[in-house]
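*Asks:* Single-letter residue listing:
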Amino acid sequence: MVAAAKRRVIPGFGLTLGYTLVTLSCFVLLPLGALAVRTAQLSWPEFWATITDPVVVAAYRLTFGASAVAALCNAVLGLMTAWVLVRYRFPGRRLLDALIDFPFALPTAVAGLTFSNLYLKDGWIGGFGDRLAGLVNSAGASLGYPALIPSDSLGWLDFAYTNTPTGIVLVLIFVGLPFVVRSVQPVLQEWDAEYELAAESLGAGPFTTFRRVIFPEIFPAWLSGSSLAFARAVGEYGSVIFIAGNIPGKSQIAPLLIVQKLDDFQYAQATAIGMVLLLASLAILLVMNGIETWVRRRQTA
Amino acid sequence: MSIEVRGISKSFGPTRVLKEIDLRIETGELVALLGPSGSGKTTLLRIIAGMEHADPGGGSVLFDGQDITAQGIGDRRIGFVFQHYALFKNMSVFENIAFGLRSKPWRSRPDAAQIKSKVDALLDLIQLGSLAQRYPSQLSGGQRQRVALARALAVEPRVLLLDEPFGALDATVRRELRRWLRRLHETIHVTTIFVTHDQEEALEVSDRVAVMRAGQIEQFGSPQEVYENPASPFVFQFLGHYNVFSARGQVADAPLSAGGGEGALTLVRPHDVVVSRNGNDRDAIPARVLHVGLVGPLVRVELERLDRKESIDAELTSEASKELALKPGDSVFVTSRHEHSFEDYSI
Numbered sequence: 001m002v003a004a005a006k007r008r009v010i011p012g013f014g015l016t017l018g019y020t021l022v023t024l025s026c027f028v029l030l031p032l033g034a035l036a037v038r039t040a041q042l043s044w045p046e047f048w049a050t051i052t053d054p055v056v057v058a059a060y061r062l063t064f065g066a067s068a069v070a071a072l073c074n075a076v077l078g079l080m081t082a083w084v085l086v087r088y089r090f091p092g093r094r095l096l097d098a099l100i101d102f103p104f105a106l107p108t109a110v111a112g113l114t115f116s117n118l119y120l121k122d123g124w125i126g127g128f129g130d131r132l133a134g135l136v137n138s139a140g141a142s143l144g145y146p147a148l149i150p151s152d153s154l155g156w157l158d159f160a161y162t163n164t165p166t167g168i169v170l171v172l173i174f175v176g177l178p179f180v181v182r183s184v185q186p187v188l189q190e191w192d193a194e195y196e197l198a199a200e201s202l203g204a205g206p207f208t209t210f211r212r213v214i215f216p217e218i219f220p221a222w223l224s225g226s227s228l229a230f231a232r233a234v235g236e237y238g239s240v241i242f243i244a245g246n247i248p249g250k251s252q253i254a255p256l257l258i259v260q261k262l263d264d265f266q267y268a269q270a271t272a273i274g275m276v277l278l279l280a281s282l283a284i285l286l287v288m289n290g291i292e293t294w295v296r297r298r299q300t301a
Numbered sequence: 001m002s003i004e005v006r007g008i009s010k011s012f013g014p015t016r017v018l019k020e021i022d023l024r025i026e027t028g029e030l031v032a033l034l035g036p037s038g039s040g041k042t043t044l045l046r047i048i049a050g051m052e053h054a055d056p057g058g059g060s061v062l063f064d065g066q067d068i069t070a071q072g073i074g075d076r077r078i079g080f081v082f083q084h085y086a087l088f089k090n091m092s093v094f095e096n097i098a099f100g101l102r103s104k105p106w107r108s109r110p111d112a113a114q115i116k117s118k119v120d121a122l123l124d125l126i127q128l129g130s131l132a133q134r135y136p137s138q139l140s141g142g143q144r145q146r147v148a149l150a151r152a153l154a155v156e157p158r159v160l161l162l163d164e165p166f167g168a169l170d171a172t173v174r175r176e177l178r179r180w181l182r183r184l185h186e187t188i189h190v191t192t193i194f195v196t197h198d199q200e201e202a203l204e205v206s207d208r209v210a211v212m213r214a215g216q217i218e219q220f221g222s223p224q225e226v227y228e229n230p231a232s233p234f235v236f237q238f239l240g241h242y243n244v245f246s247a248r249g250q251v252a253d254a255p256l257s258a259g260g261g262e263g264a265l266t267l268v269r270p271h272d273v274v275v276s277r278n279g280n281d282r283d284a285i286p287a288r289v290l291h292v293g294l295v296g297p298l299v300r301v302e303l304e305r306l307d308r309k310e311s312i313d314a315e316l317t318s319e320a321s322k323e324l325a326l327k328p329g330d331s332v333f334v335t336s337r338h339e340h341s342f343e344d345y346s347i
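Here the protein sequences come in this chain order: A and B.
So the first sequence is residues 1 to 301, counted in UniProt numbering.
So the second sequence is residues 1 to 347, counted in UniProt numbering.
Isolated chain B (complex conformation) (with noise of 0.2 Å):
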C-alpha cells in the first residue's frame, strides 16, 4: 500500500503547524518523520491516520492512489500506535491483541478458535506469549510496547503508523526495540511510518527519512543521503554534532571557508575535525585544548579557537589521540577532513 500526500495544510488556530506537505511513501517502505518538537510530524502522521483532519480544502491523503481524505478512521484499516500505548486497562493481553478481531462486524468476525491460533501467532512475534493472561499494568513499557503493536497488527492493516513508539522508554530498551522493529518490517513488510525526535533512532531503522521542520518537508531521502547530503543546514544540524567553521560576514577570519562564497556557511562534524601540532596547512585554524574526554574508543576533545573565542568539538580515534598526547591548555591547530558548505541559509 502507497501513501501519498497532497498539499496538506493544517491549522491550530492561527497557527500554521503544517504548510502544504507532499509526500509519498512506496508500498513496503519504512519511514521516519524527524524533526523537533512542534515541526508538525505528529500532525501529519495524525492526519494520515484520519484522526486530525486537513484545514478544509487543505489537500487530500492517497492510499494506493484512492482518495481516503474524507474516511473515517475505522474505514482505513490502518494499525495506530500511540506513544503511551494506550491499551485498554480493564482488558488482558490476550483479549487486548483480539479486541480488532472482536469488533468486526458478526459477518467477516472469525470464531473462537481463528481468534484464539491468530492471537497466539502474534503473541510468539512479539516473544511475550507466556504473558497472554497478564493485564496491562503488569507489564514494562518496552513488553506494552510490544503488545500495543501485536494489537493494531491483528487486523492486518494496511499501514501501519507509530507515534513516537520508543518515546517513553530507556535507551537500552529503545536501542533493543527499534532493532527488533526493523526485523520485523523484514518480515510483515507493510508500508510504516513511524514519527520520531531522535535522529540516531530515524538513521538507524528507517528506509528513507523526512527531516520537517517548522511544518515543512526539509528533505526526504534515504539515511545515507540524508547525513551525507544534506539539503540544508538546518539537515545538517540535526542529524547530529557539528561546528560551525565559518558564518555569513566572517569569511574573512575564517580561512576553512575557502570553498563556500561570501555568504556561506561552513560546518563540519565533530569526527571530521583534524587536529595536529604544527600549523603547515595554511588554511588551519590555531586553537587550545580545553578538555580531553574518553568516550569508548574515541577521544572527546574540547578546543578553542585562538581567533574567535568560539569551542570546536573533535572527535579522534585513540591511537591518533595518543599520537598527538593532547593535554588542556595545548596550543594546536585545526583543519577539517570533510566539510558542508551552505550558500543560502537560515538556521
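The following block holds chain A by itself, in its conformation from the complex (with noise of 0.2 Å):
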C-alpha cells in the first residue's frame, strides 16, 4: 500500500483555512469594506472638510493623546502588576490574579459610570480633601473643639477629575490594564533564574540584570500588550463618555463624535471620522508590530 498522506496535527487543512477566511471575511474584511464604500460617497473636498474640522480635529487629538497615555501609564503598572504576581507569594495573590480579569468582565459603562461618581466635585476621591477637611472638624467638634482646620485648606487632596481629560485618562486605564499584565505574565513565568544568577555572578546589580537581561527577554510581549492597550482605549466608547463631559472641541472623543454624527444622519461623515481613526490605529499598531518583528528576530535568527 502506498504510504499515507502528511499527516497533520488537525485534520482537513482546506476545511479549517477555507472556516478561517470566511469567519475573516464576514466579521473583519466586510465591515472594512463597507466603511470604505460609506465613506467613498463624500467627495474629497467633503471627506477632506470634514476631517479637518476643528472639533474633529481636537476629538481626534484627546483619543489619541488620553489613548497614548494610557497606555504608557498601563505599560508600566502591568508591567509591575504581572512582576509581582509571578515573582512574590504573598496572601491573596490568587484573588488579586483573577480580579486583573475584571476590567474585560465588567460593562464599561458601569465602570465609566462609577468612576464619573468618584472622581466628581463631591464624590468620594473628587472631594476627597474636603471630606477629610469635615471629617476632621467634625471628630474635633464631637470633643469640643471649634473647626481645626479651614474647610477648604485640604482642598489639594480633591481629585476632581470628572469632566477633564484626566479622568478620561484614568478610565482608559483601567480598561486597558489587564492587557499588559496578561501579556508579560506568561514571559515571566517561563523565565529562568538562572539567568539572573548568571549575571549576578558576573558582578551585575539587580538594575543592569533587570535592564540588560530580564527586559529584552520581556520586551515583545510588553510591547505587544502595550499596544492591545492602546488600540482598545482608542475604540473605547462606553465607560469615556461618563467621565468626559464632552463638551464640543474640548472633551469630546472621536467615537463619540462618531455617534453625534449618526443621530444627525450624516452616515458619510461618520464613516470618514471612523475611517481615519482605523488607518492611524492600523499604522500605530504595524509600527508597534514592527519593532517587536525585528526584536523577535534578532533574538532567534
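The hints are simulated quantities; they were obtained by calculation from the structure and are not laboratory data.
Keep in mind that the hints are not guaranteed to be accurate.
[What the hints assert, rightly or not] Label-pair distances were calculated between CB atoms; the ranges are:
| no. | chain 1 | residue 1 | chain 2 | residue 2 | range |
| --- | --- | --- | --- | --- | --- |
| 1 | B | 6 | A | 89 | 27 to 37 Å |
| 2 | B | 75 | A | 97 | 29 to 39 Å |
| 3 | A | 296 | B | 170 | 49 to 59 Å |
| 4 | B | 133 | A | 68 | 27 to 37 Å |
| 5 | B | 113 | A | 293 | 27 to 37 Å |
[Stated by the list, open to error] With a cut-off of at most 16 Å between alpha-carbon atoms, the simulated EDC-like pairs for lysine to aspartate or glutamate come out as follows:
| no. | chain 1 | residue 1 | chain 2 | residue 2 |
| --- | --- | --- | --- | --- |
| 6 | B | 19 | B | 218 |
| 7 | B | 118 | B | 156 |
| 8 | B | 19 | B | 52 |
| 9 | B | 89 | A | 194 |
| 10 | B | 89 | A | 192 |
| 11 | A | 121 | A | 101 |
| 12 | B | 327 | B | 313 |
| 13 | B | 327 | B | 302 |
| 14 | B | 116 | B | 95 |
| 15 | B | 89 | A | 196 |
| 16 | B | 89 | A | 190 |
| 17 | B | 89 | A | 152 |
Given the structure is predicted, the values throughout are model-derived calculations rather than measurements.
Beta carbons are placed, not taken as given, at the ideal position from N, Cα and C, and that holds for glycine.
Reconstruct the complex from the two isolated chains, following the hints.
*Replies:* Okay, structure coming up:
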C-alpha cells in the first residue's frame, strides 16, 4: 500500500483554512469594506472638510493623546503588576490575579459611571480633601473643639477629574490594564532564574540585570500588550462618555463624535471620521508590530 | 585561591541533602565532585558559589582562609558555568563575553578598547574568534559551552565552578571539550571545581576527585588513588564495571574470597578476571561462557558461574581470547588477577 499522505495535527487543512477565511471575511473584511464604500460617497473636498473640522481634529487629538498616556501608564503599571504576581508569594495573590481580568468582564458603561461618580467634585475621591477636612472638624467638634482646620485647607487632596482629560485617562487605564499584565505574565513565568544568577555571578547589580537581561526578554510581549491596551483605548466609548464631559472641541472623543454624526443622519461623515481613526490605529499597530518582530528576529535568528 | 568547606549541612524541607561536608581544595587545583544524581554534588557547588545557603549554623565556606559564608554571589568573584549555559539570548557572543566587564562599577570599568581586546583574547582562547557576532541560538552545544566558559573567565574569577559542564553534549564533543578544559586549566591555573556524574570524565580531567554519596564525601583523592584504593565498595562500584565474587554470608561457596574474612565483600574489575580452560588453581570458579563480544582490542566475555548462577563479566585481550578460542557453552575456570575486599560495607 502507498504510504498515507502527510499527517497533520488538525485534520482537513482545506476545511479549516476555508473556515478561517470565511470568518475573517464576514466579521472583519466585510465591515471594513462597507466603511470604505460609505466614506467614498463623500467627494474629496467634503471628506477633507469633515476630517479637518476643528472639532473633529480636537477629538482626534484627545482620543489618541489620552489613549497614548493611558497605554504608557498601563505599560508601567501592568509590568509591575505582572512582576509582583509572578515573583512574589503573598496571601491573596490568587485573588489579586483573578481580579486583573475584572475590567474585561465589567460592562464598560458601569465602570464609566462608577469612575465619574468617584471623581465628581463631591465624590469620594473628587472631594477627598474636603471630606477629610469635614471629618476632622466634626471629630474635633464632638470632642468640644471649634473648627480645627479651615474646611477648604485640604483642597489639594481633591481629585475632581470628572469632565477633564485626566478623568478620561483614568478610565482608559482601568480598561486597558489586563492587556499588559496578561501578555507579560506568561513570559515571566517561563523565565529561568539561572539567567539572573549568571548575571549576578558576573558582578551585575539588580538594575543592570533587569535592564540588560530580563527586560529584553519580556520586551516583545510587553510591547504587544501595550499596543493592545492602546488600541482598546482608542476604540473605547462606553466608559469614557460618562466621565469625559463631552464638550465639543474640548472633552469630546472621536467615537462620540461618530455617534453624534450618526444621530444627525450624517452617515458618510461618521464613516469618514471612523476611517481616519482606523487608519491611524492601524499605522500605529503596524509600527509596534514591526518593532516587535525586529526584536524577536534578532534574538532567535 | 584555596577553597575550604567546613561542616556544611543543607536540608530541603525534611530531606538532608548535605551532611556536614568538609573539603579543602588547594590553590590552582582542578577538582571533580563525582557522584550519582541526588548525592548533593550540585548543591555543594551552588553553596560554594553563593547561590544556595547552608542551613543556619550549618557550616561555613572559606576562600583563602577568609570566611565568605555571608557574601552574596556578586561579591565572591567566582565564575560559574551552568549545565545549560544560560547564555543571554539577546546578546551576541561578543556581548555575552563582555557582559561582566560592562557590568563593573563605572570607576573600575575598562574602556571600549580594553573591553574589545580582552574579549578578542578570550575568543581566541575558546577558538571562536570568527563567530563573535553570532547569537547563542546560532551556535552548537559545544560552542555555547565554550562561550559560557569565556564569559565566566572575562571577569578574572578567583574560582571557576562548573555544573555538569559537558552533561548536555554528545560523546565525541564531550571528550574533545574535556581535554580542552584540561589544557585550558594548565594555561590559566585558576582553582576549578566541576560537578559530574561521569566517572571517566572525573578521572581523566581532574587533579583530585571527591566521590559523593547521599550528602557525604565518600573519598577524596587523586584519580589513581581513588581508582586503585577505593575507600568503600560504593567508590569501587561507582568508578567502573565490577563483579561481585563474594558477599556476606556467601563465603562458604566463594573460594575467591580467601583474603577477606567473614562478612567481607570481594569485588573484581572485568579486566582483572582471568579465564582458563583448566582448573589447576584450587580457588578457580567453574563457569560457563554465555556470550563472546568483540569491542575493539578487547573481548568482552559474559560468563555464568556454575555454583551460584551469577553472571561474571570478563575483559580479555584479543591475544588471550584467540588462545582460548572461547565460544558460548564452553566450560571454563575463572580466577582473578587483582581483587578488592571490603570488611565492613554497605552498598
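*Asks:* Could you run down the list of hints and mark each one as holding or not?
*Replies:* So, going through the hints one by one against the coordinates:
| no. | hint | in the structure |
| --- | --- | --- |
| 1 | B/6 to A/89: 27 to 37 Å | holds (33 Å) |
| 2 | B/75 to A/97: 29 to 39 Å | holds (35 Å) |
| 3 | A/296 to B/170: 49 to 59 Å | violated (29 Å) |
| 4 | B/133 to A/68: 27 to 37 Å | holds (36 Å) |
| 5 | B/113 to A/293: 27 to 37 Å | holds (34 Å) |
| 6 | B/19 to B/218 | holds (12 Å) |
| 7 | B/118 to B/156 | holds (11 Å) |
| 8 | B/19 to B/52 | holds (15 Å) |
| 9 | B/89 to A/194 | holds (13 Å) |
| 10 | B/89 to A/192 | holds (12 Å) |
| 11 | A/121 to A/101 | violated (29 Å) |
| 12 | B/327 to B/313 | holds (15 Å) |
| 13 | B/327 to B/302 | holds (10 Å) |
| 14 | B/116 to B/95 | holds (10 Å) |
| 15 | B/89 to A/196 | holds (13 Å) |
| 16 | B/89 to A/190 | holds (14 Å) |
| 17 | B/89 to A/152 | violated (57 Å) |
Hints 3, 11 and 17 from the list above are not met by this structure, while the remaining hints are.
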